[in-house]
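Student: One-letter residues, chain by chain:
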Amino acid sequence: MIARARRHYGASPWHLVGHVLALAIMVYAVSRVLDPRFSRGLNVLVWLVGGAIVHDLVLVPAYSALDGVARRVTRRRAPRAVPAINHLRFPAAISGAMLLVYFPLILTRADGNYVRSTGHHVTGFATRWLTITAGLFLASGLLYLVRVRASRARAPRPPSR
Amino acid sequence: MRAPPGPTRESFWRSPLRGPWLTTTLGALLLPLVLVVGATGFLSNAAYQPGLGRNALLPAGGVQPLRFGWPASPAWLYAVNQGIHVTVGIVAVPLLLAKLWSVAPRLFTWPPVRDAAHAIERLSLVGLVGGVIFEFVTGILNVQLYYPWHFNFVVAHYYGAWVFLAALTIHVAIKLPVMVRAWRERGVLAPLRVDLERTGAEPHEPGSLAPPTPAAPTISRRGLLALVASASAGLLLVTVGQSAGGPLRRLALLAPRGQSVFDDGPNGFPINKTAATARVTPALTGPGWRLAIAGGERRELSRAQLLAMEQHEHDLPIACVEGWSTTQRWSGVRLRDLAALAGAPAGAVLQVESLQPRGALRRATLGHAQHSDGRALLALRVNGADLSLDHGYPARIIVPALPGVHCTKWVASLTWVAS
Numbered sequence: 001m002i003a004r005a006r007r008h009y010g011a012s013p014w015h016l017v018g019h020v021l022a023l024a025i026m027v028y029a030v031s032r033v034l035d036p037r038f039s040r041g042l043n044v045l046v047w048l049v050g051g052a053i054v055h056d057l058v059l060v061p062a063y064s065a066l067d068g069v070a071r072r073v074t075r076r077r078a079p080r081a082v083p084a085i086n087h088l089r090f091p092a093a094i095s096g097a098m099l100l101v102y103f104p105l106i107l108t109r110a111d112g113n114y115v116r117s118t119g120h121h122v123t124g125f126a127t128r129w130l131t132i133t134a135g136l137f138l139a140s141g142l143l144y145l146v147r148v149r150a151s152r153a154r155a156p157r158p159p160s161r
Numbered sequence: 162m163r164a165p166p167g168p169t170r171e172s173f174w175r176s177p178l179r180g181p182w183l184t185t186t187l188g189a190l191l192l193p194l195v196l197v198v199g200a201t202g203f204l205s206n207a208a209y210q211p212g213l214g215r216n217a218l219l220p221a222g223g224v225q226p227l228r229f230g231w232p233a234s235p236a237w238l239y240a241v242n243q244g245i246h247v248t249v250g251i252v253a254v255p256l257l258l259a260k261l262w263s264v265a266p267r268l269f270t271w272p273p274v275r276d277a278a279h280a281i282e283r284l285s286l287v288g289l290v291g292g293v294i295f296e297f298v299t300g301i302l303n304v305q306l307y308y309p310w311h312f313n314f315v316v317a318h319y320y321g322a323w324v325f326l327a328a329l330t331i332h333v334a335i336k337l338p339v340m341v342r343a344w345r346e347r348g349v350l351a352p353l354r355v356d357l358e359r360t361g362a363e364p365h366e367p368g369s370l371a372p373p374t375p376a377a378p379t380i381s382r383r384g385l386l387a388l389v390a391s392a393s394a395g396l397l398l399v400t401v402g403q404s405a406g407g408p409l410r411r412l413a414l415l416a417p418r419g420q421s422v423f424d425d426g427p428n429g430f431p432i433n434k435t436a437a438t439a440r441v442t443p444a445l446t447g448p449g450w451r452l453a454i455a456g457g458e459r460r461e462l463s464r465a466q467l468l469a470m471e472q473h474e475h476d477l478p479i480a481c482v483e484g485w486s487t488t489q490r491w492s493g494v495r496l497r498d499l500a501a502l503a504g505a506p507a508g509a510v511l512q513v514e515s516l517q518p519r520g521a522l523r524r525a526t527l528g529h530a531q532h533s534d535g536r537a538l539l540a541l542r543v544n545g546a547d548l549s550l551d552h553g554y555p556a557r558i559i560v561p562a563l564p565g566v567h568c569t570k571w572v573a574s575l576t577w578v579a580s
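Sequences listed follow chains F and C, in order. According to the numbering used here, the stretch in the first sequence is residues 1 to 161, in order. According to the numbering used here, the stretch in the second sequence is residues 162 to 580, in order.
Simulated from the structure, these hints should not be mistaken for lab results. The structure presented is a predicted model; accordingly, all values stated were derived computationally and were not measured. Each hint should be verified, as a subset may be incorrect.
[Stated by the list, open to error] Ranges between beta-carbon positions, derived for each pair:
| no. | chain 1 | residue 1 | chain 2 | residue 2 | range |
| --- | --- | --- | --- | --- | --- |
| 1 | F | 36 | C | 506 | 37 to 43 Å |
| 2 | C | 280 | F | 126 | 44 to 50 Å |
| 3 | C | 237 | F | 35 | 33 to 39 Å |
| 4 | C | 426 | F | 65 | 46 to 52 Å |
| 5 | C | 280 | F | 59 | 22 to 28 Å |
| 6 | C | 217 | F | 131 | 41 to 47 Å |
| 7 | C | 506 | F | 59 | 27 to 33 Å |
| 8 | F | 107 | C | 448 | 41 to 47 Å |
| 9 | F | 40 | C | 458 | 45 to 51 Å |
| 10 | F | 40 | C | 348 | 48 to 54 Å |
[Stated by the list, open to error] For the chain F half of the interface with chain C, some residues (derived, Cβ under 10 Å), not all of them:
| no. | residue |
| --- | --- |
| 11 | 90 |
| 12 | 115 |
| 13 | 137 |
| 14 | 147 |
| 15 | 151 |
[Unchecked claim] A few chain F positions that, by computed beta-carbon distances, are all more than 12 Å from chain C:
| no. | residue |
| --- | --- |
| 16 | 2 |
| 17 | 16 |
| 18 | 48 |
| 19 | 145 |
Note that CB positions come from ideal geometry on N, CA and C, so glycine has one too.
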């Protein structure tokens, strides 16, 4: 009988017990926040599910598309020995992670709260991020040129066409 | 039924790196980080001593593990706990993104539901992915004081952790065999020894993350891990100085409390709330100010009388729940001397009230171990100068390992109550 129930359900009984327990804790936790003292309407639920949707349907396709463009551009131009794409990916990933985490400061989204809290205006974050970004791309570009020169020096001259 | 064209077809996903080994490895790297962030988060709640007075920021009656009398020693305990919570959380972001990228095809699995087990598993994955993104987004925006939502941050961030950790526990339990198999088949480290030229896809099986029709690789697996590590290292570098201080402070270029919130002078270190915001005016703190102390008896003390008492000086950190901290040289009257003066009952807890007219944090209750520590001060001066109004003039609480918001500024009264 257990075998039939298992075929019907699709996994072992422990799978079911574990998931029911976990889902019960999740429902309990969400219900604690949905108290009108702590959440306006279902706002907390919107953020809970919305974050995953925005990540999967906006952020991932967006950076995948950017990466696709970069791949096509570099494939056409770069010498095969030194792939250029990763010299774009590294500075872009480092700078992009900083923007993703610190966009409220970089784009000055909460100056009022910042002044009330720290006594200072939000200043210089955008400049510092742009400087870091420029520095990263510059350093990566220079490293690329060095690697291309080194590979040319190493490789035998290509046969003339 | 055949999947409609697009991401629901396995052939849509072509990165040769995706596969059980990559997801296993990214998951195994991410897991300890999120567990550290989770544990320090619960400890952060314990540090507020929610069982005392009106300290609790969470509604009563919920499950709150790791509750105990928060000690006053070592003095750096709270600073380090919060520094780890915030910094490790931020540094884990690139790893989290990579982990989610590696399983992106799963969202579009076709058919969407195979059987009951698959359905319940997918439902708990909503809690897992939604929960982890919710925790990271709310935490990261909170340290930047940006609140684009309509819910209580503390309550939502706390219970969001329950959603995530419940989903994570069951996820790890059912994926453990998959992880063991991936590492057994491919080796734990062997794929990292493969350079770009020899990088290939893992063998495709129906339902596996490895693509059926992989594209040519443009980065090796170790290259991808290096990419994630550099993004994490970059975040670490521009963040950790707000907690670690010292020469690293200058490198905290994007941290909310980096070098740019420091001014010159003895009172130049950062604050968490200006006097203007707290509506504390010079009129309230002028020569008419008196500190009311009450234990067995009541007394009022002027600032001059407090300064005439034995002064003690200690280097103590002030540390914020948002992760930043700074150690300064504080001097003032020991709380235990004031307790003796007020005839405080043995083992009492200390209720501190501020001049600040409103706000949840205008009062705090300190446990006996906290206010009876020899370094626990009613500070009057810092770095050899009087406290500035923004730092809590005429007097503020400084207790080792006490959360910054409980180091009450503009103290109006101290009351020792038998617990």
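Student: If any of the earlier hints don't hold here, list their numbers in rising order.
Tutor: Hint check: 7, 13, 14, 15, 17, 18 fail, others pass.
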